[in-house]
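J.: Letter by letter, the chains look like this.
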Amino acid sequence: MRALAMSAVAEALRGSRIVALGAGGVIGGRVVEALAGELGVETVAVVRTLSKAARAARFPIRIVSGDVRDAGILDRAISEGDIVVDLTYPAEGNRAERVRAAREMADSIAAAVRRRRARRLVHLSTISVYGPVRALTLDESAPRRPGADPYGAGKQAGERELLRLAREDGLPAVILQPTVVYGPFAGWTVGPLRQLREGIVVLPARGQGICNAVYLDDVIQAIFRAAVAEAVEGEAFLISGEQPPTWLDFYGAYERMLGVSSLLAMDTASVRAQLNAQAKSARPFRRLIHRLRSDGDLRQTILALPALAQAYALARALLPRARWERAKDRWMKRGGAAPSAPGRPLRLPRPIQLELMASPARVSIEKARRRLGFEPAYDLDQGMRATREWAAWAGLIPE
Amino acid sequence: MRALAMSAVAEALRGSRIVALGAGGVIGGRVVEALAGELGVETVAVVRTLSKAARAARFPIRIVSGDVRDAGILDRAISEGDIVVDLTYPAEGNRAERVRAAREMADSIAAAVRRRRARRLVHLSTISVYGPVRALTLDESAPRRPGADPYGAGKQAGERELLRLAREDGLPAVILQPTVVYGPFAGWTVGPLRQLREGIVVLPARGQGICNAVYLDDVIQAIFRAAVAEAVEGEAFLISGEQPPTWLDFYGAYERMLGVSSLLAMDTASVRAQLNAQAKSARPFRRLIHRLRSDGDLRQTILALPALAQAYALARALLPRARWERAKDRWMKRGGAAPSAPGRPLRLPRPIQLELMASPARVSIEKARRRLGFEPAYDLDQGMRATREWAAWAGLIPE
Amino acid sequence: MTVDSIQIGVVGCGAVTARYHLPALRRVAGARVAALADPALERARILAAQFGVPRAVADFQEMLDGVDAVVLALPHHLHATIGIAALRAGKHVLMEKPLANTVADCDALIAAARENGRVLAVAQVRRYLPAVRAVRDWLSAGLLGDIAAFEVEEGGVYRWPAASDFFFRRETAGGGVFMDTGAHVLDMLRCWLGDLTLVEYADDAAGGVEADGEMRVRSLCGAEGTIRLSRLRDLRNRCVLRGSRATLDVEPLNHRATLTPSRSKTGLAGTVEGAMDSAPDWVTLFEEQAENWLKAIRRQPAEIAAAEEARETIRLIEEAYARRRTVAGVWERPLIGAGA
Amino acid sequence: MTVDSIQIGVVGCGAVTARYHLPALRRVAGARVAALADPALERARILAAQFGVPRAVADFQEMLDGVDAVVLALPHHLHATIGIAALRAGKHVLMEKPLANTVADCDALIAAARENGRVLAVAQVRRYLPAVRAVRDWLSAGLLGDIAAFEVEEGGVYRWPAASDFFFRRETAGGGVFMDTGAHVLDMLRCWLGDLTLVEYADDAAGGVEADGEMRVRSLCGAEGTIRLSRLRDLRNRCVLRGSRATLDVEPLNHRATLTPSRSKTGLAGTVEGAMDSAPDWVTLFEEQAENWLKAIRRQPAEIAAAEEARETIRLIEEAYARRRTVAGVWERPLIGAGA
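Going line by line, the protein sequences match chains S, G, P and E.
Heads up, the first sequence is in my numbering, so the first residue is 3 and it goes up one at a time.
Heads up, the second sequence is in my numbering, so the first residue is 3 and it goes up one at a time.
Heads up, the third sequence is in my numbering, so the first residue is 514 and it goes up one at a time.
Heads up, the fourth sequence is in my numbering, so the first residue is 514 and it goes up one at a time.
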């Protein structure tokens, strides 16, 4: 297939109305902006709660609020011939709860797509459905093993349900699996900037793990291509940038934006040891809390005391005087915020992130290239330049 | 004996030098001022530490600092023919420690009096040596039963030792037993004013117990009379005001000075019940502290946490959220001071004070009248007027 | 002399009614909430049960007979019609801000209040913030000297639990963050600096309501200032007033202020005296507002935001929208031709 | 370029040396404490061991050879003789306050410093308090307008662990609470308001040293103020400066200040920016003092209390003592004739 220019993709999109489910999120917000703004496509935004609609409300489009598991909501939003872009996912709950919710959401959306005779369903999944990858290359043929990660598991349940319905019932669903999405409002931008500002960020694999980063707008491009591409129903596509950087390069870009020196690249075993030590040092305190929780008598003791007096008295009774005075000073200085250890705190990756950051796998976007005509427009430099501009506006980096 | 006018007492005092032991205290300060100021008598001030000498240092007198158990100190202060006024007492320690210290002090002072051939030793004891009194009248013939009170027990040990030495060795000692001394700098003035300002003061016996109050200057008068009276060696004298008021009258005078309404007169049984309840509610917390103190593991747990974080975390973990928020607000409002229950706190008498305040006993000053020519110059009104003037100067009451 | 209790009806049972008006009115002496009205009758019924209000109705007209005064907490576009109806029925009105979406509607409301001799107050509740009052005091005492410039910013990801979608439609809300937060901020600035005139205005509305924007205004005394508001990014919620003698950096929502004399390196950083809580107790502020409204109804001296003042704020916002320069988000790079 | 370390001797091993001078000097770069001197040699030896000082001697003359500069923390009456001896021996001096007990002694010290070309600084350590610096800044920035009046009070039961009794004798201490605390407070006021002249003075000294007193002074600009000091009663440790524009109530020892504009009901109550600890860290202040002294020795720009300034404070105290009105304590009622 010859790759369509984006102008041609836009032209094709203008033939339908687009319904964005989950329009209050990072990707949804950008989808709506691009459609209702630049591309001039009729758009309906479906948000979970109205509080999330500020960005979509900049445009004179229909906004519907409610849960996508409610058929009535979807019926109000979707009409015949529409293209549905599904950006929803269950954000809360444990693994089992999310898996169930994701399946229910998928079923509800699939049913609405069929009932309202929508033309296509583009569903946003994630690279996390593959779980930890040890191989040097990852493509869509790899097994899905999201493991214990509730996010990946939920997403996998949703995508699997839709792929099954595509296969069995001819649901016109296309699945996109973006990698590490960064850019305006994105978690992989806001999170690292905050971590690097507040503490020392520890990277495993000496920072040499592969970061399959993709700039937000390239994901949007892929969504629009998937919305109009021919003969891609029932297919899944990994969506990533080209020439993935290392995690050290990726975080390094943020470090430079902030003008700080906050990265600490370690070997993976040492990071694991740190994680274990952290868990251990938290343990006795958790045990104390547990003891106090389970010992009703002791607990009543504490609760019977006027409000915070117990904490105060406890600290005063147990801390050596000098330490108490210092602690008090620090407490007051912070206006009551929880005091932390001196020095900048270490920000260790969570275990699930550690796998991701230690992985040597490069994601192949060959399939998306071939079948969708996808071609990333942003390399890391370009993406980070755009990201820096947004971050300055958002007050996340010094101006 | 015909009572001497104070001018004649002063005249008699001018025949000797006066050494005030414990000149840094409330009575000692006034003794020195009256001697070195108004009466123009040569005075030596002995203070425990120099920090206490500010008041005596207003006069060009000798100031000696040190412990009266140190013979060298006393030898530097006392010369032949001196009158020694002993205002010292052991202010710290438990009952046994104070009894031992009081005896050592008495022995050291008695030895110095004999060694330096001082003319007289006037020793300040207290009404507390009699312990709780249930009779309607108290005079010097009553048994000394100070009971568990460490202060009274210490004072009793000192006075007993000196009386023994007077009887057995001809020590020229006279004992004065003042009652509830109030006035400038006095504990029975500073304490009640503070309590009434900060909380609700609870009086037992519906406030109708007898307060054998004596204005400070009347005690000074008695000291000077005892210093020069004839044939009173080996005798003890109760020193009190005339027409003792009730405790309600006594505290009421302070209440009026402050312009507050802070007194709560209750029957004694109810006060006891309150004291018990207070002890009970404090108990589980003390138990918790005890457990944490004795449980090294648990204690390490707490101490290992950064400074105050434990207190904060503990409170946050255990308090219901709304209560936590309120507690935090209150905490911050007070700038970190220990928060207390809402409303003005109750100030209950300590058990030893409860006995004193519930007692119906009027102190007889007949013996001091007869043998010392003592006549109180201040009734409650006059004493409280003078006290009010001082309290305003000291910033203890609104001006 | 005892004062008869004023019977109050509350129209509109959204979040502001449930969280603030009803808890506050319950505390006010000499007033009693007699009825609630909301087309979503179920909401009205629930709140009536929660706050012990005897009547709940769907149509506000039904409640008018039994009340002396009404609190109107409605979608903005309904302010004028329902407000005018209430005033014509002889009811005093406390109108949630903004007074109305247009100056024309404001004028109609003001005329209705005059013609019927009723109090029309606007719920500019921030006026009761200790810092807002203190700064007004300080400015009139000349603490800062002549004000040369000022900057206000307030922003955060939008989180108000909006119960209806009027809020995000231009026809119903009248505007975005400037009609909402801006009505507060501009009223506060008017309290401090008097009438403001527009210099320029830009926002990101592309046919809908703005989520982020910046207004430049000039005060009577010639000081120019910027007001930057956002629903998309966290801004420091503060006002900086730059005077000839000193600069005051005030955070009205948490009572903090730092004063730095013009030629000094060191500031005095503290809180407004008498306001030591870390966050304002909004129910208490609404209570003060209600008390002052009731005083005004009883023709006693009262501190209320008069409709005429609120109209000036709406005039400014209306002019700003009319002269709007639209600015896309810095992140809105074209997809077509991207990377080329 | 490296700077040679300045060798310092400390004369007098009392509480201020042990608590502040030695801990502070240990932190200062480019200086080294080479010797301690105290007639109570044992005290000197203990401190030398504690602070790693190589020499401890009884007679300060013995140490002079090995040092470039001396800190003198001595009984007040020895300041002049020992100070002059050290200056004549070519040593720079940091003198504990008060500079000396009399103006004549101050002048002799100043002359000795001039003749020998040495730095004679006075340990007016409160100058380094953040609030003292900030208030100076604010005043010169005109924050308060013209100062019309001021009140200072500081008092509490005396608790300093005096190791020798020089402190409570007029011959040795030179005076009481005004020579001690007063030397600090008057220096602070001079920093803020310039030279002060005496209006009147009263204290309670009856042949000894005063424990409580009150001084009235006039500043160059004509403002009159009261300084009330006590060792017998708790006073609020604060200074109130009443200006034409605003009143500042400052507590320099805990960095707090409340500013109330003249026509305002509400004040701004807070702390001096950058000084958020609840109590000042005195060792750090002594460290700053030592650093500035060393800078002055190296002829670099430095903030020190010059002897000439300290002399003015002593002049004021000397004059006050000369014009003293003696007032007995309000509680000193006559015993003779009492109750009659």
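Calculated from the structure, these hints are not laboratory results.
Cβ coordinates follow ideal geometry from the N, Cα and C atoms, glycine included.
Take the hints with a grain of salt, since some may be wrong.
What the hints assert, rightly or not - In silico contact screen, one side only, chain S against chain P (beta carbon under 10 Å); selected entries: (1) Glu44; (2) Ile63; (3) Ile65; (4) Val70; (5) Arg71; (6) Tyr153; (7) Phe187; (8) Gly189; (9) Phe226; (10) Leu265; (11) Met268; (12) Thr270; (13) Gln276; (14) Ala279; (15) Gln280; (16) Leu348.
J.: Next, verify each hint and record whether it holds.
T.: Going down the list of hints, with the structure as the test:
Hint status for Glu44 of chain S relative to chain P: violated, with the closest Cβ pair at about 12 Å, above 10 Å. This hint holds: Ile63 of chain S has a C-beta 7 Å from the nearest C-beta of chain P, less than the 10 Å allowed. The beta carbon of Ile65 of chain S comes within 6 Å of a beta carbon in chain P, closer than 10 Å, and the hint placing it at the interface holds. The beta carbon of Val70 of chain S comes no nearer than 17 Å to any beta carbon in chain P, farther than 10 Å, and the hint placing it at the interface is violated.
The closest approach between the C-beta of Arg71 of chain S and any C-beta of chain P is roughly 20 Å, which is over the 10 Å cut-off, so the hint fails. At a threshold of 10 Å, the smallest CB-CB gap from Tyr153 of chain S to chain P is about 21 Å, leaving the interface hint violated. At its closest, the beta carbon of Phe187 of chain S sits 8 Å from a beta carbon of chain P; the interface hint therefore holds under the 10 Å criterion. This hint is violated: Gly189 of chain S has a C-beta 14 Å from the nearest C-beta of chain P, more than the 10 Å allowed.
For Phe226 of chain S, the shortest C-beta to C-beta distance to chain P is roughly 7 Å, which falls under 10 Å, so the interface hint holds. The beta carbon of Leu265 of chain S is not positioned within 10 Å of any beta carbon in chain P (closest approach about 24 Å), and the interface hint is therefore violated. The restraint placing Met268 of chain S at the interface with chain P is violated, with a minimum CB-CB distance near 32 Å, outside the 10 Å limit. Below 10 Å, beta-carbon pairs count as interface contacts, and Thr270 of chain S has none with chain P, the closest being about 34 Å; its hint is therefore violated.
Nearest Cβ of chain P to the Cβ of Gln276 of chain S: about 31 Å, over the 10 Å cut. The hint is violated. The interface hint given for Ala279 of chain S is violated, since its Cβ lies 33 Å from the closest Cβ of chain P, which is over the 10 Å cut-off. A least Cβ separation of about 29 Å between Gln280 of chain S and chain P goes past the 10 Å threshold, and the interface hint is therefore violated. The beta carbon of Leu348 of chain S is not positioned within 10 Å of any beta carbon in chain P (closest approach about 25 Å), and the interface hint is therefore violated.
In this structure, the hints that do not hold are numbers 1, 4, 5, 6, 8, 10, 11, 12, 13, 14, 15, 16, in rising order.
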